[in-house]
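K.L.:
Residue numbers (the numbering used here), protein chains in the order written: chain A, 70 to 594; chain B, 2 to 251; chain C, 397 to 994.
If you are wondering where the hints come from, they were derived from the structure by calculation, not from laboratory data.
We put the CB at the ideal spot given by N, CA and C, even for glycine.
One or more of the hints may lead you astray.
[What the hints assert, rightly or not] Incomplete in silico selection of chain B near chain A, CB under 8 Å:
hint, residue
1, Pro29
2, Tyr70
3, Val93
4, Lys149
5, Tyr158
6, Gly161
7, Pro204
8, Asn214
[To be verified] Okay, the calculated beta carbon distance ranges per label pair:
hint, chain 1, residue 1, chain 2, residue 2, range
9, B, Leu14, C, Ile863, 38 to 48 Å
10, C, Trp961, B, Tyr94, 51 to 61 Å
11, B, Gln142, C, Gln443, 55 to 65 Å
12, C, Gln443, A, Tyr350, 39 to 49 Å
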Amino acid sequence: MKKTINLYGWISVVLLIFFLNLNFVHAGEAQPPEKNLEVGKALYQKNCAQCHGDNGDGKGVSEPFIFPKPRDFTAGLYKIRTTSGGQLPLDSDLFQTISLGMPGSSMPAWQQLSEADRWQLVHYIKTFSPKFASETAEKVVTTPKPAKPDLEKGRQLFQDLECWKCHGQEGRGDGPSAPELKDNWGFPIKPADLTKNWTFRGGGSVEDIYMRIITGINGTPMPSFLDSFEKPEDAWDLAYYVRSLSPENKPEVTVLRAKLIQGELPTEPEDPRWNELPAHYFPLSGQITMEPRLFTPSIDSIFVKAVHNNKEIAFLVMWNDRTQDPPSAGAIQQIASAEGQQSQPPSQPDNPSAPQPGSPQKFSDAIAIQFPVKPDPGGFIKPYFIMGDSERPVYLWTWKAEWQDVKESNASGPFKETLQNQESQTLQGKGIYKNGQWKVLFKRALTTDDKDHDYQFEIGKFIPIAFSAWDGSNGETELKRSLSTWYYLFLETPRPISQYLYPIAAFLLIAGAEVWFLKRNSRRQ
Amino acid sequence: MSILRSSFVHAILLLVIAILIFKYGIHPPIPQSLFLLYLIITLFGIFLFVSSSEETWKSFLSPIHATLYDPRFRGVRAVIFIVLPVLATYLVYLRVQPKIEPPAELRTIHPAPPDTISFRNGTIKLQGLGNPLRGDKEHFQEHVNRGKVIYFKNCFYCHGDGLNGEGHFAEGLNPKPANFTDVGTIAQLQESYLFWRIAKGGPNLPTEATPWNSAMPAWENYLTADEIWSVILYLYEATGYQPRKWEQDQ
Amino acid sequence: MRKINRKVFFIFSLLFFVILLGSAFAQQPAGDQPMEYRAFPYIGSRQIMWIAAQLHLMFAAFILGVPIFAVIVEFIGFYARDPMQRLRYDKLAKEFTKLLLIAFSATAIWGAILTFLFITLYPKFFNYLSNIFSPTLWIYPFLFFGETFTLYLYWYGWEWLQGEKKKFHLALGVLLNLFGIAVLFITDAWTTFMMSPSGIDEKGNLVSLWKAINNPLWMPLNIHRLIANIVFGGSIAAAYAAFRFLSSKTEEERAHYDWMGYIGNFIAIQAFIVLPFAGYWFGREIYAFDQQLGITMMGGFLSWLWIIQAILIGIIFLASNYYLWIGMERIPGAERYRLYTRLILLVLVVGTLVWATPHSLVASLEEARKMGGAHHPLLGVLGVMSAKNTAVNIMILSTFLSFLFYRRGNKISRVSWAKTGVVIQGLILFLAAFIVVFYGVRGYFVEAIVRIGYSVYQVLAVLSAIILTMILDIFMLRNAEEIGPIRWGKMPPRSQYALFLVAITFTWLMGLMGYARSAIRQHWHVYGVMRDTSPEAFSPTLGFAADMVSICVLLFFALVFFIFWIGHLGEKTKILEERVEEEVEGITTAKLKGGYTA
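Start from the sequences and build out the full structure, keeping to the hints where you can.
P.N.:
What follows is the structure in structure tokens.
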């Protein structure tokens, strides 16, 4: 008995330590510390001044390289609040903003600072604006969350309150007035893309969305809608509707799996068969490795679907872009009529990015898929992810809005891209733009005659794949692009016969062993 | 015999606890390769635990023996003898399914640096090289401040405001940008190593460090040697770490 | 059988000698372009050299390690007071030597094969090395013959040099070891010269032979190999005993081979405890000679090797502790310590887990994203040197504790201060553990150069704790009361498999670490002096190296098994056993008659 107690004793001790540890990790820190502006200033200088400026005017050294711009604290206008529209934020609002950061911008969540330090920063930041001395703010009156949201009503409110004017009919931030929007400082500002709730500045939960709707976002064209609802709880319906525009969870990167189907592959981006396939998410970043660099990309991610039938492979690449470049004739008309009194075509949004002033040249929207030219025999080494190099070139599929077509090319590094000969161009494709989203289809035979320049797809192998995307109105072309590093494409295989043989063999082996054992056993008895 | 005293139950219990801890007790979750490694070591340990004395070994074997031979357990035996081949068949079936887990990448984070590197038009010998600005005590703070400005004009998009590799471009990159606040990065490297990595960037990594995926630019194209050294100074000052010294400094 | 053995041996030794001498004077082949490399068909030059060198090395390690402890065992027997003990130890020493004799010819054969291959496949490289080392190439065969003749005298003179003449026999044993060590040191000089060439000018011409021999890595490798040879010899001898134990038919045989296995394992583990320190010194000297070499060894693609090494060493620690714990089952009174052995098991498993945690993890894309890079924020802490050093030192302490429990299993101290003694021992060990953990944790907060210094404190704490505790223990257990005698032979078979596991793991580990030592030269034959320009100049991948090592280990054990089997067949006359049996019988009879009072 003694031994038993010992073992279970030890197990409980281990578990106890384990859970205590977890508790220590989760245990919160003490109450807000006493205000000490000296400490706050030192912390501000160390962690914040590089973007927000020594004087809190948002003119730090990194300011030219980032978009959205750092906040100018001197105006006392804060985006994320629980107070009425136009009012100052509460201290706890500022604390939350520092702690959770501003998703979708360069403002990180400052979890690595202690809570005490974050409170000191709150106190110090308030000294930049005289408003905090003269004005007071109160928490906005909220209604409790309804037990059951009415999404249909929310959709109706989205129309009636004209949310779509900025945020677009499907919420991708492509509304007709989106291009002209300016913030209180005269900088261009983009309406939120409501289909990516992980980029919402104040958080992507229903509660966060509700709060933004009723308090507005100070300093931006987003007003408070507190008084726009017939019944206060209607705001919740709208919040739920907005939430429903984004996926349940932020998507994660997975292997791009090309499903094996029978029959012909879809040739239209709108083919209903695409809807049955899973969309794979790939985050992109600005190309900042080689000149010319793009510090303020406008496309942060793409979704890709893939399908093959053992003879051909087709991809559908989807991404959100607030503007179509070059705009189609229909689009110009549409916008013009929506604008009504405005006679001129939509003005170009100012280039938010570049340090150099003046509006950028406009280019065509485009997308590219990149493969190696040949697979590495070891399966490990890949070409350099930015268009390869002379030793290991890459094979590219590019679609451009201005071509309305897709082309194959090879590159052995930036500015060393050559389109393939006409006879080698076997790639087919088509792109359409609708409600702030591009959908581009690529299709090619798995194997081609031009074995020296085209990647020959093999089923059942992990094929390196990378993507680039360009938003023409953001001055993106050539190396100025959003891009991904290498990911993997996998073409599903038909079930080989061995897949059934091996399990059967295993069954026979084990069953045989059992029979042998039972026989021996009975003989013994 | 109390079921709690059976070594067989102990072994199963220990195994379950170990799996729970490895799977759910460590955040963020550990990769499959490490989980397997841990599991194998633990299994080995549990096997030694039950077999290290005659008493526990017998206690461990007796339920197995009983199910195999004892006439009273004929029913259990029959069930097991039916379940076993079916289970094996199923497991083999799962195993021969085409895998779509991407191949694991054996990436060396800190590959061995070369002895000398070319820098712009000259060459720099890395062996034994220290930060030339570190000795300049008089203007030390100036160098650090200059390094900070350079960092926030060039590096922070990826490596982050907090120097933790969580810059706003980090999401789109793989491998993730280095986290300088981690004890495993700059805290255990010589400053010349940082100079090499900053000057030469991703494309010049050796093969085992997957140079094809690193978005780190070769900063020799943008920064002077002095600027790189001052950024290095800033990294150490801001994180509070000391660079690793060369042996002969002792 | 033995005669054939000897014939084969002499033929090959002679060939070996002739080749060595011949090649020392070898002229460059005629023609303008001297032949640099030849290709070995199918297998490839590097692979065949790899196998030949590795097998030669394994056999050589065995025949150098075994005589060291054979002679020690003989000394123990010589000084033992109890005539039973005298006989037992003498028999054991002779049995060890018999293993030696059989493995000796295999060493010579593989040495000859290696030399053949070296001369024919890498003529230019061989020529260069023989130019540098020609005098040692002349001395080497003589030493080898010296060793051979001493061994034969030692073996065949065993019965002749008994009683009064035993001292001469012991002297022969010491001489045998001296020859063996000299042979080892000379080959080490060649090996280490390739890594840390010294005594040559910029063009690679010889300036000082002594400096070339006494290059910076010579002594560290000598010591490292000497200790490792003892471990290796001990573990192979224990595996041999385990094999004989499992196949023995009588109680006496079982008791004898149980005891032999215990002694073999004991020797192996004692030496094994010191081995990490010798390895550490060797590594430090590699860093000191050339940081590039050191960084390649620890940081580059070879860094994964250290993880494998950690797992293997963890297995060796666990398996040999396990062997002791099972052994305690046959010691009356040892069950008092069972709870502690369980704790030690826990510590060892946790230690292995910590040690085997890699710095950068093998992770798929998705897993890496979840972790935020190949660095795990929590486990990354365990991946660095501080954690690993701490784990190893604690594991060494735990293993030592197992030995203490084993030692006092059936004993009750009779000294008056026994209780105080145990408390002091506990305090010493606790203090050592505390120092190890303290410096391990502190290592995270100081810079690397200080951290490296900490490992020295940890090692010193562990070593001095072991020595102090052991001294106390010896005094405490002097004339101790025995609860009951150890029931030799009453071992369950699974304990013997633990001995096999230790032997195989250690052999594998030796091969892998040898690869690491050799691979850090990368594309150099002689580091920084003579470049490898053959098509196989690239460093093979770790997976390939592991396969090669596995092949060598398989070949080695197949050969060892074959040799032991042949030796077993040859024992038709069973001179040894009969003599012992007779004498044991004689003593027992005498005892019964009251002739002896032991």
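K.L.:
Hint by hint, note whether the structure agrees.
P.N.:
Here's how the hints hold up against the structure:
Using the Cβ-Cβ criterion of 8 Å, the hint placing Pro29 of chain B at the interface with chain A is not satisfied: the shortest such distance is roughly 13 Å. For Tyr70 of chain B, the suggested interface contact is upheld, since its CB lies about 7 Å from the closest CB of chain A, less than 8 Å. Interface restraint check for Val93 of chain B: the shortest CB-CB distance to chain A comes to about 4 Å, inside 8 Å, so the restraint holds. Here the hint on Lys149 of chain B is kept, as its CB sits about 7 Å from the closest CB of chain A, short of 8 Å.
Given hint, Tyr158 of chain B at the interface with chain A, holds; its Cβ is 6 Å from that chain's nearest Cβ, closer than 8 Å. Taken as an interface hint, Gly161 of chain B checks out: its beta carbon lies about 6 Å from the nearest beta carbon of chain A, inside 8 Å. Interface hint at Pro204 of chain B: satisfied, since its Cβ lies 6 Å from the closest Cβ of chain A, which is below the 8 Å cut-off. For Asn214 of chain B, the interface hint holds, since its Cβ comes within 8 Å of a Cβ in chain A; the closest pair sits about 5 Å apart.
Taken as a hint, the range 38 to 48 Å holds for the pair Leu14 of chain B and Ile863 of chain C, whose Cβ atoms sit roughly 40 Å apart. For the hinted restraint 51 to 61 Å between Trp961 of chain C and Tyr94 of chain B, the CB-CB distance of approximately 43 Å leaves it violated. The given range of 55 to 65 Å is respected by Gln142 of chain B and Gln443 of chain C, whose C-beta atoms sit roughly 59 Å from each other. About 46 Å separates the C-beta atoms of Gln443 of chain C and Tyr350 of chain A, a value consistent with the hinted range of 39 to 49 Å.
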